[in-house]
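One line per chain: the protein sequences are Y and E, in this order.
Residue numbering for the first sequence follows numbering that gives the first Met the number 0, beginning at 0 and increasing consecutively.
Residue numbering for the second sequence follows numbering that gives the first Met the number 0, beginning at 0 and increasing consecutively.
You can't tell identical chains apart in this list, so a pair holds if it fits in one copy or across any two.
Calculated pairs, EDC-like style, for lysine to aspartate or glutamate (alpha carbon to alpha carbon, straight line, at most 20 Å):
#  : residue 1 : residue 2
1  : K480      : E492
2  : K312      : D213
3  : K308      : E597
4  : K308      : D213
5  : K466      : D660
6  : K341      : E353
7  : K375      : D455
8  : K341      : D455
9  : K308      : E587
10 : K245      : D56
11 : K466      : E343
12 : K308      : D594
13 : K312      : D594
14 : K466      : E569
15 : K308      : E218
In short, the hints are calculated from the structure, not lab data.
Protein chains: 2
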Amino acid sequence: MNLNSLFVRSVARFVILAGAAVIAGAGSVGVADEGMWLFNALPKQHLKETHDFEPTDDWSKHVMLSSVRFNSGGSASFVSSTGLVLTNHHVGADTLHKVSTAENNVYRDGFYAESWDQEIPAPDLELNQLVSIEDVTERVNGAVKPGMSAGEAFAARRAVTSEIEKESLDSTGFRSDVVTLFGGARFHLYRYKKYTDVRLVWAPEAGIAFFGGDADNFEYPRYCLDVCIFRVYEDGKPAAIEHFLKMSDNGAADGELVFVSGNPGRTQRIFTSAALKYQRDRYLPYVLSFLHRREILFQQFGFEGAEQKRRAKDELFGLQNSRKAFTGMIRGLQDPGFMARKIEAEDQLRKQVEADPELRQYADAWQAIEEVQARKAELLGQTGGLAGQVYNIASTLVLMAAEDQKPNAERMAQFAEAGRQSLEMQLFSPAPIYPDLELTKFADSIALFVERRGGDHPLVQKILAGKGPQARAAELMAGTKLMDVAERKKLAEGGQAAIEASQDTMIQLARMLEPETRRLQKINEEIAETERQAYAQVADAQFAVVGTDTYPDATFTLRLAFGTVKGYQENGQPVPPMTTLGGAFQHEANHGQTDPWELPAKWHASKDKLQLDTPFNFVCTADIIGGNSGSPVINRDAELVGVIFDGNIQSLTSDYFYSDDVARAVSVHSSAVLESLRNVYGAGKLAKELGR
Amino acid sequence: MNLNSLFVRSVARFVILAGAAVIAGAGSVGVADEGMWLFNALPKQHLKETHDFEPTDDWSKHVMLSSVRFNSGGSASFVSSTGLVLTNHHVGADTLHKVSTAENNVYRDGFYAESWDQEIPAPDLELNQLVSIEDVTERVNGAVKPGMSAGEAFAARRAVTSEIEKESLDSTGFRSDVVTLFGGARFHLYRYKKYTDVRLVWAPEAGIAFFGGDADNFEYPRYCLDVCIFRVYEDGKPAAIEHFLKMSDNGAADGELVFVSGNPGRTQRIFTSAALKYQRDRYLPYVLSFLHRREILFQQFGFEGAEQKRRAKDELFGLQNSRKAFTGMIRGLQDPGFMARKIEAEDQLRKQVEADPELRQYADAWQAIEEVQARKAELLGQTGGLAGQVYNIASTLVLMAAEDQKPNAERMAQFAEAGRQSLEMQLFSPAPIYPDLELTKFADSIALFVERRGGDHPLVQKILAGKGPQARAAELMAGTKLMDVAERKKLAEGGQAAIEASQDTMIQLARMLEPETRRLQKINEEIAETERQAYAQVADAQFAVVGTDTYPDATFTLRLAFGTVKGYQENGQPVPPMTTLGGAFQHEANHGQTDPWELPAKWHASKDKLQLDTPFNFVCTADIIGGNSGSPVINRDAELVGVIFDGNIQSLTSDYFYSDDVARAVSVHSSAVLESLRNVYGAGKLAKELGR
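One chain only, chain Y, in its complex shape (with noise of 0.2 Å):
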């Protein structure tokens, strides 16, 4: 799938109400190599029994130290003393686009920086080290008082969340995030080191990295170097990074232990079958019908000319990845017997709770999770906002000027203290924006909130003021100076009274919508904590019933995962667990040579210096999601043997359940990056940094 969280972040700009709950499935921890694991509860004894492996302390303090979280959505690793950062191309992609233009375009043709003054910085990169875990359930549920309403315990939660935040904050100067796991049944405080001058120093041809395109994805055997390196200064100088993660020597081997360390952005496996059903029969069918509409919108728009296919490149990639895995999702929840078995579960642990008097308190939590989901369809495709950077960003500046006017415990979670220089970076970005494409999607939005509202609706006719959505989006673009870092930063330091005296048309139409942003917002919040409130309830049931040896849904924070190499079945023929270098040319041969099946051309000159026997991608059992795009794949001895960079489409389906039946993980093999580093793009001298 392309793991990153691109489909998170294409999707998270339209989702009103992201899945709020998580925990595994009760009783699923038997399956030999599932699971998420949280950093702070490593299944030790689990890993000793099924593959005699016992991860000492210094073992997974060195993993969680060398581990990375790419903030646009994505994982990674340290991979020397001198800041090199491995991550996948497609992980990298937003950045690679971002300093491409149309005459020199990284993304498309590669780059290598040979020297650390060629290096190029991104310009709105966050990447984060997780450094410390603490439990603060204690602290946060102290706040909901007995008799609040939902609404109340939402606003409670926060503020303390918020309290924690900025506390840590000052205290530690670190990144401090309040992490809600098991569905609101526990809260933990993770600080992380951020790093935010990064620059790039390599990446290969998109034509290699995501060799066989859309038509390839979530296919397997693949054969993609999907990988690319970037390097973390501090100071204006490489940063010394202490823990790293060598090289292994060979990498992968079929049939070996291997682990995942890296950031599953959102799992659903906690999720009741009313939860599942809505899912399946309301929200997906939603989703998807978003993603079709606007997978159109920008094949057009990229029909305009060769420039604008590049523009348009990165979306439509985002579009195409998570089209394709809510595809796979809901072909699984609409398998009878995928939820027959769901059921089933289901319905056993409720009669154990129904049986047991000390349970019997969590008995309504299901029932109530039900009665959300039929609030949540009546609220589908309800926004009070409109898509487009331009748009975003005057909707963020109208919102903070009116929060910051609160204390920080009682502003919107976006704008509490402890996150404003993340929210300023991504603001005050210099990364372009360009004005085709930007009204392009602008005045889809429009259309699409006239559609989802009716033509007749008030805000409708306030938005379109007599003109058609198009119209009237060029008409609101040619008015807004937002393109101008210097102008939001100008409308940020004058607060309320600045957007108040403000002409720019963004801001205007921003502010026209903010109380109905604010409506939905609150509506939203509510179901959130009426949903969370009962998750939790479920959570502790299975606790009750199964125990706490378990691991929460993904919630885009560090977590290990490990699993074995190993080919599976299709179609009656076994898949071999890895492919190699010449097998690439093989299935460039076998599609005619024809785009996306077309090597680069330094591919097709090197070919003969390759070691074409050299394993170029493989899959294991590991227990992934989108979001571990990029995480290292390492052995035992916690060398890096592989990147991850994608689900085979039978995994599709692991936001539910886990499988290790015929679903893999799908990595580039670490000996292949080295090989085409050195004999492909000239990089011995990266080549020889990696794991130094």
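Fit chain E to the supplied structure of chain Y, relying on the hints for placement.
Relative to chain Y, chain E alone:
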């Protein structure tokens, strides 16, 4: 838009409520070149006043008899005494694809039969030549008695319609269709001579017929040789045709008065504001969502290989064409100014109706139409059926067996005796059905059925039988023999007994869904009749207020439109009325000679021989819509000067209203046809045959 009814075809399969009722908007007749006029009610006076031209009865009879309808969806004309028929490449495309194979891609590579014996028979084409029109309004209305419910009225009309058609067929031997005009205020009997032995004579390459592809579709200036030539046979010999169009020496000229004789598929200009709001807020978003989904599905299928791409091409084109057309339509409706003008005109008419004691009987019609829209919204997306040719065949066989047990007058319209030959031609067509593409469509239609009804619906569970949509579709496809025409014939001949005894999985599935299909059909008949009665009142009110010198909405029957060859203004720049052959080479160069802007090899090879200033495409103000594709454009002397193939993007709102401001019909110039036949395709012999 590539104005044939491909979009009617591709959409019709899931439309449960076609626009039932049609009449021109009141007061609109004053606009210079508006109107799709009935051949038995041509605007002679208006033409004389505005264009100083008065068509004689001989002139209009000659044009009518020279005009041809492609029953597959499109228009054409006889262009020689030897049975030659000229239409669009994209109207012929359905047949071009059906006679193509992986080895011999006639659609892509073009075709030319140098002699009669090389001409390729179309597997299932039916061409119609309109020979007479008779007003049967009185007889049809006489069948409906006061006090009948909508359902009873529908049945009564259907009965008398079947009776009239059967009598006419028996007495004349002509295909006989009762056509509903003016929203149900008038009923005319159309008689057609049918041609079912139709053979392909010449087609250019898809690359020049559809130069610029989906990107250039609906755009202008254009450079498309969107024509091909068939020949009709009778008794195994080329048919002797009395009325055919001669070729003009010079083709269309700037500023010239021209006529378009063709079969516009559907307009909705009579729609009330309530009906338009339903279109804007519910129906069009629903249709577009379906089209986006299908377009992605077919694109993905094409990724599987070159042969898959070929198989998917025809339907994919239809989907893209429809998506672009409907996008233009919803943009028009979302413009508040457009809707305001519609409402103003409607309010004016309603006031006149209220004020006039004789007209007050019609006053409730608008309210009735508004109420029906809510019922339509409820039913939107509810179908009793699934998609794919094989399922459609199964469903047709099942329904036909049951309907054939009833008297002719009581049968569903599509099973009435008068239309049996045409129905069987489709049902027993030997045209290829590709199992892989068929499975893809069928499986997706099951998935869509699950989405629409929800996974827990009893019908869904029956369809799925415990499997996911893809697995179940594969199982059902494996158990059917309906790909085999002989099997279909056997079941059709065996009647109800054969259907009941059949073990064919698709027959069994269609039988299981039959009650739901009939239930929805009944509801839709009632809705359609209610709407028709109301629109007949609106039409009568309009007749009373503005007179009867008007034209009804399009009904895929022969109409005469007229207009002027004339450029227009776009973004302040003049768009010239004509392009040239030389312009095509320039357009190719401007796009770097990349797909879809690559001229075929023959064009490059012939460039030196070509008169590059030959007009290629041109625009005129004639009032056309989808279904007009392939219509002859003729001059005052009834000579052929061009062939309609598209409308510009500004014309996409002509479903709802006509404008000659910037909306234009786009044609292939007759000189381009002759020049390319002679100097690109070595078909000078065929060029000579034209018009003789």
